[in-house]
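Novice: Listed here are the chains, written in short residue letters.
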Amino acid sequence: MDLTAAVLVLDSAVRLATPLLLACLAGLYSERSGIFDIGLEGKMLAGAFAAGAVAYWTGSAWLGLLAAIGAAIALALVHGFASITQRGNQIVSGVAINFLAAGLTALLGQAWFSQGGRTPQLSGDARFSSLTLPGAEALRDVPVLGPIYYELISGHNLIVYIAFLMVPLTWWVLFQTRFGLRLRAVGENPAAVDTAGISVPFLRYRAVLICGVLTGVAGAYLAIAQSAGFIVNMTAGKGFIALAALIFAKWRPWPAMGACLLFGFLDAVAIRLQGAYVPFIGEVPVQFMQALPYVLTVVLLAGFIGRAVPPKAGGVPYVKER
Amino acid sequence: MSPDKDDSEKDGREPSRPLEKSRPGAAPAIRLSGIDKSFGTVRANRDIALTVEEGTIHGIVGENGAGKSTLMSILYGFYQADRGDIFVRGRKVEIASSDDAIAAGIGMVHQHFMLVDNFSVLENVILGAEGGILLKAGVARARAELQRLEREYELQVDPDAIIGELPVGLQQRVEILKALFRGADTLILDEPTGVLTPSEADHLFRILRQLKSQGKTVILITHKLREIMAITDNVSVMRRGEIVRTLPTAETGPEELAELMVGRRVLLRVEKGEAAPGAPLLSVERLTVVDGKGVRRVDDVSFEVRAGEIVGIAGVSGNGQSELLEAIAGIRPATSGSIWLEGGKDLARQADPARRRLDGLAHVPEDRHRMGLVMAFEENENSVLGYHLGPEYAAGPILKLDAMREDARRKIERYDIRPPDCRLKTANFSGGNQQKIVLAREMERDPSVLLVGQPTRGVDIGAIEFIHRQLVAMRDAGKAILLVSVELDEIRALSDRILVMFAGRIVGEAGPEADEGELGLMMAGIADEEAAA
Amino acid sequence: MSAPVAKLPAWVEVGLIPLLNVTVAFLVSGLVVLFIGENPLQAVKILVWGALGFGEGIGFTLFYTTNFIFTGLAVAVAFHAGLFNIGGEGQAYLGGLGTALAAMALDRYVPWYVTLPFAICGAALFGAAWALIPAYLQARRGSHIVITTIMFNFIAASLMVWLLVDHLSPPGSMQPETRTFAAGGALPKLGGLFEMFGADMGAAPANISIVVALAACLFVWVFIWRTRLGYEIRATGLNPTAAVYAGISTVKITIIAMLVSGALAGLMALNPVMGDQQRLQIDFVQGAGFVGIAVALMGRAHPVGIVLAAFLFGMLYQGGAELAFDMPAISRDMIVVIQALVILFAGALEHMFRPGIARAFALMSSPQRARMLDGGEAG
Amino acid sequence: AQDEVNPAVVYDLGGKFDKSFNEAAHVGAERFKEETGIDYRDFELQNDSQREQALRRFAQRGFNPVIGIGFSQAQAIEKVAEEYPETKFAIIDSVVEKPNVRSIVFKEHEGSYLVGMMAAMATKTGKIGFVGGMDIPLIRKFECGYVEGAKAVNPDIEVYANMTGTTGAAWNDPVKGGELAKSQFDRGADVVYHAAGGTGIGVLQAAADAGKLGIGVDSNQNMLHPGSVLTSMVKRVDNAVYDAFMDVKNGVSMEDWGGVENLGLAEEGVGWALDDNNKDLVTDDMKAKVDEASQKITSGDIEVHDYMSDDSCPAM
Ligand SMILES: Nc1ncnc2c1ncn2[C@@H]1O[C@H](COP(=O)(O)OP(=O)(O)OP(=O)(O)O)[C@@H](O)[C@H]1O
Ligand SMILES: Nc1ncnc2c1ncn2[C@@H]1O[C@H](COP(=O)(O)OP(=O)(O)OP(=O)(O)O)[C@@H](O)[C@H]1O
Ligand SMILES: [Mg+2]
Ligand SMILES: [Mg+2]
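Chains as they are written, first to last, in the numbering used here: chain L, 5 to 326; chain D, 1397 to 1929; chain A, 672 to 1050; chain W, 471 to 786.
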């Protein structure tokens, strides 16, 4: 593979990794606070739907983004209520949210737009379009640097940059701020936080809210940045892959980015390898290539990262009084 | 609203003898009145009145489950009382969370430490008192402040060490530092010495006296009446959720306190005759256990336990006793060394608890909740745990439920387990009765070797007597018993020989009549010879 | 999990509270219907009538129930071992392969009752095999079973498309599916049984695999509560540390529980593949594996509860289809919404009403209240 | 006799708004309703087990004709048609040999051949792309015709083909579709044809975003991105449904109803769409060449290979 081809694969990996990264960081906040969340998928889907619908009605991508965040936050609050206030089973709550989002988006989409749950096609300002970074055109033909800057770094839509900027920001929040310190503490030992005079529920609700915001942005990316409208079940399992990435990254921001890029990369490579000839084997069946990212995930999970130790208090409701 | 007026109304409960005060006339540091607290159906505190004078060390004693921790947790805002008022220096305060308590100048070192294991000392200390949205400035200030506190109170600890890697004694220091860092005037310590060696405990008491001399108030919960006598100015006794008496320490003694605690005279000595040791039933040779993190938990340990003797292992918790028991029981693989049961083959390498049971080894684990019982099981299911593969409980793959229940009923009767219902969920038995379920299971099989960890932890005095009698009876029946306990008194009362463990090694051996100070030094890792020198 | 201190009578715990939770779920669903602009009462009427009002409806309800019993049992068995098997979907898909291979090998030569045992073995074997790797990885390498089973769902889909398109579909067929089985590969329908009660099952596909499902319930009940292995599974699920102390190998238990779970999920394939379509089609599981999670949760991982919950979901599926038929504004997604709300209220929010109910009971049984009542009567 | 028209449609799993062939059926039914004022009923399947149930329900309630959309309905129709010999049934995309069933199949390979030619003529790079939903024979039929058409124009042309997925989501994953298209553009393709249902929306979007050309399928998708959709391979399911309804309305006899309709270019069952949206993209030369090929296919001078006739594609 020559440089340009490699750059293009990476470019594709970046695009594919973006929603994963947003969802993964969302999960990171929630799970670091001790609230497990397999409902990332559902929240993204709800966000995507809200973004598609509102962007269509208002013609504004920004309002669409806001609506996406709102919808995802609403579901996040349901999850928070179930797992923080009611001390319910967090996995079950997440499963319910996934179903709820899948059903409601399709139902409302059909009721409102009568296009089989789809929102109408968007164009112009109703979408986030690609940005060309300054100097990209000028540098375009410079060898090596040119393609990297023009193809890989420039030319993405705003949300892609937001997603990747969220990584250092998350690192900074987690390790340099008061909120981050408390967030990490509450996921490990909520009683320690409680006795330090900090409200455990309030802290966890904030984490869950941030999770809502980020999944909302991820949903908006799918519906109004990467595509031009919502389509039933358009998350297609990305929430689960993001979760896998989170476990992969052992709940740390920079490795999370690495993991998401890896998944994006595997996906991008799998696309390009469809129909490729492999020496001695011949043409590999398409289905094998399609399964490749999942197979590699399992292999990596089993072989390289060992036992990922989740935040100690994760998944367990904080109960003071029996 | 005047506190003095309030006092007189309640004087039925107030001490008959005037309490020690450091500054006569000043309002008490803490005054509680009418505190009530229930957990579901358990009434942990009932109508409690308590006065703690400023600048004193106030002891609180009482049986397990008497409600001591609950009361202090209410004062610290961890729990909220159902009823009652809290006064700090004469002013009524609402304590709705620990935040309020901290603001009122109250600090607490909990029985179970409230630390984040994977945080550094510094991070733990500043948690909740970061002094700003960003950590950087706060961390720098905290570092300086910690240095000051260290100098002032001899509380040395590396601010960048990770909590999980520190020994418990140092973890406790961090807890104290946490409280002082937040400017506590009143410091509550809940059973602080349970995890300390005698010399560490002495160090702690020096610190407490130092605090007192600076005008701070200390509330100390402990089970050790000796400590009460040694350091406190006043003492309150709790029983079944009530404060039965508060009085100046100088005017009372251990016997009176013990009687107040239990409501009857207690005989703290265990009745037992001379041991008649026979052949060794359990031999451990050069046993080493390295844990997952590469730490040597048990380091080259050798000893044997003979028929008809109780060997006690003394030591501060966390010095490898748990790992030693687990390795012998086959729960944890040994890294090297050998274990023999009654001349059989070396078992060290195969970690297989089921096999060991068949070979006549029984094990009462230290932590019944975590290891000894499945709380959601019915009583009869727990009473065969570990023995469920035996032919008496199963026909082929199918369990014989009737046999299991019949068997459980027998044990319930013999061990007076209450309520006598083998179909009841185990979680619904009280701590002492849960412990009896475990003991009945492990002892009734007539094993030749019995490993016992913390047999009376969280168990009331009556049950302690019963359990101790059972252990002695087994010894007299010619069994080999290996007893691990952090209660030095228990070890000394039951054991025929005492081994002292420190940092994974056996650092000394002594007879039951050994001097406590001597044992204490060994537990602190200062070897026999050095101590003698 | 928050253990309630106040003890409530058993009928409240397993009867009243779940019922209340489901009722609330339906009330909220009613609000959704209202929001869409339809009449919820009318919707409920159509739904219940559609599910139970006539022979064919009942036949369909039972058909779906059968699927959900299998997948619900699968999730439940893993639950008891403390494992969350989200891979029922893929395991059932593979189970279909096992079923179809058995059926295609035998259907031309022997009657269905000879084929059935082989198909059962095939379905169970293939389903179990698909659960084996995630189980092994969880037990030995600590790879999160939730993630690996999800991945295996995707991998199963790829594998099956490849097999169906390139290997199993008869030459010249335009469809990615196996040939239609001959009579020896078709399970008899329950029509005869219905006629005994004077009902006409019409073309509903309910078939004797429901008997296999009920037998599986019995098996799971005996297995979990009456065998040594079941005892070990429960001990491991409830307290892994105590299990190790008791000499139970958690590795072994994890693998066995997942194998049984996968086998049960695989058996689900009997119903659609041999009972209904008589061929193996792409994507035939259609979410039953996920519904099994809800069924197991609602049924509290107990076979009796699972049968009831599976029946409820069966009703939802069949009644929901009639609903979509008669109220075009309510699309098929309504059922997914109801399902979600049932899981939410009966699962994640299961304790929401307990404090209130406990208080009500305490009030009713407290002596003061009794005295008050006595006094009231006296005066 | 059953001459009263009371039509019903049973859509396949994709649902009636799949922007693809179910939707085309819906469009035909709507046109009938508009023109005649006669209402119709329809039903969207949720799973395989409901096919028979739905068809029978309609027949039972006296609907006539009853049309099943999609090849997966064949078995169910065969069964129900036997139970209701008086009711007129129709099936799209499959053949059921019953006197009261009209089987309507399309020669998608012929339409695909024409758009393949157009792609080959429109490309500036000599590289074109194809995005399918799932790797199943029906989709290979589209692909094969497309490649054959393209190679007829330029034997050296390079065709990139990608399939979206292996689960039901494959027909509804525009994000993946867009990414597949982009990967083909990255490799130099500048025209891409899709046969992927909802996924195709993402393919066309990606083409529009990248300033390349897309080719729609089933329905006329030219208006989705005017100026960026080269053309659409239309499959006149709408006509087939409309005609079927009309026939019954006009009192067609059962003999005239039954039988197989194999709709290719000659029957105007398939074709390519030319309208205001793409007229600037289609040069006169292209139009002439395609029309000529169209002629030849109709006359039998060109025989486009049907993948499903022998499970192979000589052009690839
Ligand atoms: N969080 C809780 N939920 C329910 N019950 C509790 C809780 N904490 C304590 N209890 C119960 O309240 C009673 C008092 O417990 P508490 O911990 O205050 O006793 P204690 O005097 O500190 O005992 P110990 O000497 O064992 O520490 C006990 O019966 C205990 O089981
Ligand atoms: N989770 C629970 N559910 C129901 N009842 C409980 C629960 N926990 C405790 N109880 C009941 O509360 C009572 C007090 O329990 P607790 O564990 O505090 O006893 P305790 O005071 O420690 O007993 P002991 O004297 O044996 O140490 C017990 O009799 C028990 O039946
Ligand atoms: Mg107790
Ligand atoms: Mg206590």
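Possibly wrong hints are sitting among the right ones.
Unchecked claim - Here are some chain W residues pointing at chain L (derived, C-beta under 7 Å): (1) F487; (2) E628; (3) N632; (4) T636; (5) V645; (6) S723.
Rather than coming from a laboratory, the hints here were simulated on the basis of the structure. These numbers come from a predicted model, not from an experiment. Even glycine gets a Cβ: it sits at the ideal position worked out from N, Cα and C.
Novice: If you take the shortest Cβ to Cβ gap from F487 (chain W) to chain L, is it below 7 Å?
Specialist: holds (3 Å)
Novice: For the hint on T636 (chain W), just tell me whether its beta-carbon gets within less than 7 Å of chain L.
Specialist: T636 (chain W) check passes; min Cβ-Cβ to chain L is 6 Å, inside 7 Å.
Novice: Using the nearest Cβ pair, does N632 (chain W) come within less than 7 Å of chain L?
Specialist: Where the cut-off is 7 Å and the nearest Cβ of chain L is about 5 Å from N632 (chain W), the hint holds.
Novice: Next item in the hint list is E628 (chain W). Is there a CB on chain L closer than 7 Å to its CB?
Specialist: violated (12 Å)
Novice: V645 (chain W) was flagged as interface toward chain L. Is the shortest Cβ-Cβ separation under 7 Å?
Specialist: Result: holds, 5 Å to nearest chain L Cβ.
Novice: Taking 7 Å as the limit, does the beta-carbon of S723 (chain W) come near enough to a beta-carbon in chain L?
Specialist: violated (36 Å)
The structure does not agree with the numbered hints 2, 6 stated previously, though it agrees with the rest.
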